[in-house]
Amino acid sequence: MPSTVALTVARYRPEKETEPTFQTYEVPLRKDWVVLDALNHIKDTLDGSLSFRWSCRMGVCGSCGMKVNGKPKLTCAAFLSDHLPGPIRVEPLDYFPIMRDLVVDLTDFMQKLKKVKPWIIRKEERPPAEGEYLQTPDQLDAYKQFSMCINCMLCYSACPIYGLEPGFIGPAAIALAQRYNMDSRDEGAAERLRILSEHDGIWQCTFVGECTKVCPKHVDPAGAIQQYKLTGATQWLKSLLLPRGAR
Amino acid sequence: MSAGPRYTLYHPGWYRRRVSVWWWLQNRSYAGFVLRELTSVFVAFFAGVYLWQLRALAQGPEAYAQFLARLKTPLFLALDAVAFVFVLFHTITWFNLTPKAMVVRLRGKRVPDHVVVGLNYVAWLVVSGVLAFILLRVRS
Amino acid sequence: MRRITPLLWLLFSAGGTVAAFLFPIHLLLLGLAVPMGWLDALSYESARALAKHPLARLYLLVFISLPLFHWAHRFRYTLYDGLQLKHLTTLIAVLCYGTALAGTVMAAYTLWKLG
Numbered sequence: 001m002p003s004t005v006a007l008t009v010a011r012y013r014p015e016k017e018t019e020p021t022f023q024t025y026e027v028p029l030r031k032d033w034v035v036l037d038a039l040n041h042i043k044d045t046l047d048g049s050l051s052f053r054w055s056c057r058m059g060v061c062g063s064c065g066m067k068v069n070g071k072p073k074l075t076c077a078a079f080l081s082d083h084l085p086g087p088i089r090v091e092p093l094d095y096f097p098i099m100r101d102l103v104v105d106l107t108d109f110m111q112k113l114k115k116v117k118p119w120i121i122r123k124e125e126r127p128p129a130e131g132e133y134l135q136t137p138d139q140l141d142a143y144k145q146f147s148m149c150i151n152c153m154l155c156y157s158a159c160p161i162y163g164l165e166p167g168f169i170g171p172a173a174i175a176l177a178q179r180y181n182m183d184s185r186d187e188g189a190a191e192r193l194r195i196l197s198e199h200d201g202i203w204q205c206t207f208v209g210e211c212t213k214v215c216p217k218h219v220d221p222a223g224a225i226q227q228y229k230l231t232g233a234t235q236w237l238k239s240l241l242l243p244r245g246a247r
Numbered sequence: 248m249s250a251g252p253r254y255t256l257y258h259p260g261w262y263r264r265r266v267s268v269w270w271w272l273q274n275r276s277y278a279g280f281v282l283r284e285l286t287s288v289f290v291a292f293f294a295g296v297y298l299w300q301l302r303a304l305a306q307g308p309e310a311y312a313q314f315l316a317r318l319k320t321p322l323f324l325a326l327d328a329v330a331f332v333f334v335l336f337h338t339i340t341w342f343n344l345t346p347k348a349m350v351v352r353l354r355g356k357r358v359p360d361h362v363v364v365g366l367n368y369v370a371w372l373v374v375s376g377v378l379a380f381i382l383l384r385v386r387s
Numbered sequence: 388m389r390r391i392t393p394l395l396w397l398l399f400s401a402g403g404t405v406a407a408f409l410f411p412i413h414l415l416l417l418g419l420a421v422p423m424g425w426l427d428a429l430s431y432e433s434a435r436a437l438a439k440h441p442l443a444r445l446y447l448l449v450f451i452s453l454p455l456f457h458w459a460h461r462f463r464y465t466l467y468d469g470l471q472l473k474h475l476t477t478l479i480a481v482l483c484y485g486t487a488l489a490g491t492v493m494a495a496y497t498l499w500k501l502g
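Protein chains in written order, with this note's numbering: chain A, 1 to 247; chain B, 248 to 387; chain C, 388 to 502.
Worth flagging that the hints you see were computed from the coordinates, not collected in a lab. Think of the CB as a built atom: it goes at the ideal place given N, C-alpha and C, for glycine as much as any other residue. Treat each hint with caution, since some may be false.
Once the Cα atoms are required to be at most 30 Å apart in a straight line, the calculated DSSO-like pairs of lysine-lysine come out as [unchecked claim]:
# : chain 1 : residue 1 : chain 2 : residue 2
1 : A       : 144       : A       : 31
2 : A       : 238       : A       : 115
3 : A       : 123       : B       : 356
4 : A       : 31        : A       : 117
5 : A       : 144       : B       : 356
6 : A       : 71        : B       : 347
Chain A is nowhere near these chain C residues, computed Cβ spacing over 12 Å in every case [claimed, not checked]:
#  : residue
7  : 394
8  : 426
9  : 427
10 : 445
11 : 479
12 : 482
Work out the full structure, taking the sequences as your base and the hints as a guide.
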């Protein structure tokens, strides 16, 4: 293994540029280094002006999502040695506006997440005196996979529909809505159905499946969306055939 | 966050990238996806062929003979051969995606995806066999 | 009934299933085996007799109609997303579903005429 590798990093400084550019740095190639280590090396020793987000550096916070050689990845999980030979291209996540260098604005996702009401909705809360809600392992299993989402946005960056239709509510939001729909403690499925059945909801999805491929936590948002399409369609049929019927 | 400054989405300094009309050629997954979607064209084509056959049957023996003659021309043979490949691709991708949309739970546990896919293939072979049997037996 | 998207998706799914299960064998027999001479086509009399059977008529209607709706839904989104023809969205939808509907009506009418 050579001792260094080139990193070609996207730069964007709105105060002096109108378009993003690229800058290449030579970083040490250590077999245990990930792209995040290389970026931190650049910031610490080569170019302190480089801006990027990171936090836990162990794949649980979802902050360090970027495109590495064109693929959305968590940079704390992308080993330099897996991306040889250089130069390794590091760019901000697709389909989000670039604020600066590798930092993108995620407000769109935050608003969409709130829209799907990602919390337990109950008609009546149980008073604490009655104790906890009980759940069997099988009931937990029904939604557990979708609860693994760390909001890293790799799925949005992989979804061409989100790129083409910025109004699309997106994979993670739908997966998280499903996480609550499938939770036995939740009673909010009807409320979420209203929101998700809108024009920019689940029906925009054409099951490209890229979101599931890039998800670092194996949430399978594509599966969540398809399951929800079936639920949505069956509910629609029910409302058609039984207008006053059971919910 | 309720009484802060109003947040604007249209910040002039942020750079918004445009999605190229060739987005679907940018990686193999996307290209494969578009190929999968285009299988629907060949599905429609074959439905059309059957509709054509039906109309020929309704019109009389000459029309039916003409239909069969057209079907045997090199053009239609080529179209049908290409259609066959795409229709098979549709079947394979459809079965692979079925367990994602329909989660089957037996006694609380989810049936593994490959079992659902396998069952689809078995059903497909059985149905195809039955149809072939019926169509080959009707000869008089 | 404000939203018909669920209906269109159900038709798409049904059509996709019909096409996935039934089209390969029919295409193999009619589109490849017959033209290549491996099999003789059904004679006019036996084909007509088979098609007249009420079950066969139902089968043929489903066989032609649902896959057309499958195509309509899928192709509409392919044009919309793939070629970014957003400004033509209504025209595309009308052309696609309209064609499927026309094919369905033609099939239904022809099947009725066979009787």
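These are the hints, each one checked on the structure:
1. A/144 / A/31: Violated, at roughly 34 Å.
2. A/238 / A/115: Satisfied, since the Cα-Cα distance of roughly 25 Å is no more than 30 Å.
3. A/123 / B/356: Status holds; Cα separation ~29 Å.
4. A/31 / A/117: violated (43 Å)
5. A/144 / B/356: holds (13 Å)
6. A/71 / B/347: holds (23 Å)
7. 394: The claim is violated: residue 394 of chain C sits with its nearest Cβ about 7 Å from chain A, within 12 Å.
8. 426: holds (37 Å)
9. 427: With a cut-off of 12 Å, residue 427 of chain C remains clear of chain A, as the shortest Cβ separation is near 41 Å.
10. 445: holds (21 Å)
11. 479: Holds: least Cβ distance 14 Å, greater than 12 Å.
12. 482: holds (18 Å)
The structure fails to meet hints 1, 4 and 7 from the earlier list, while all remaining hints are met.
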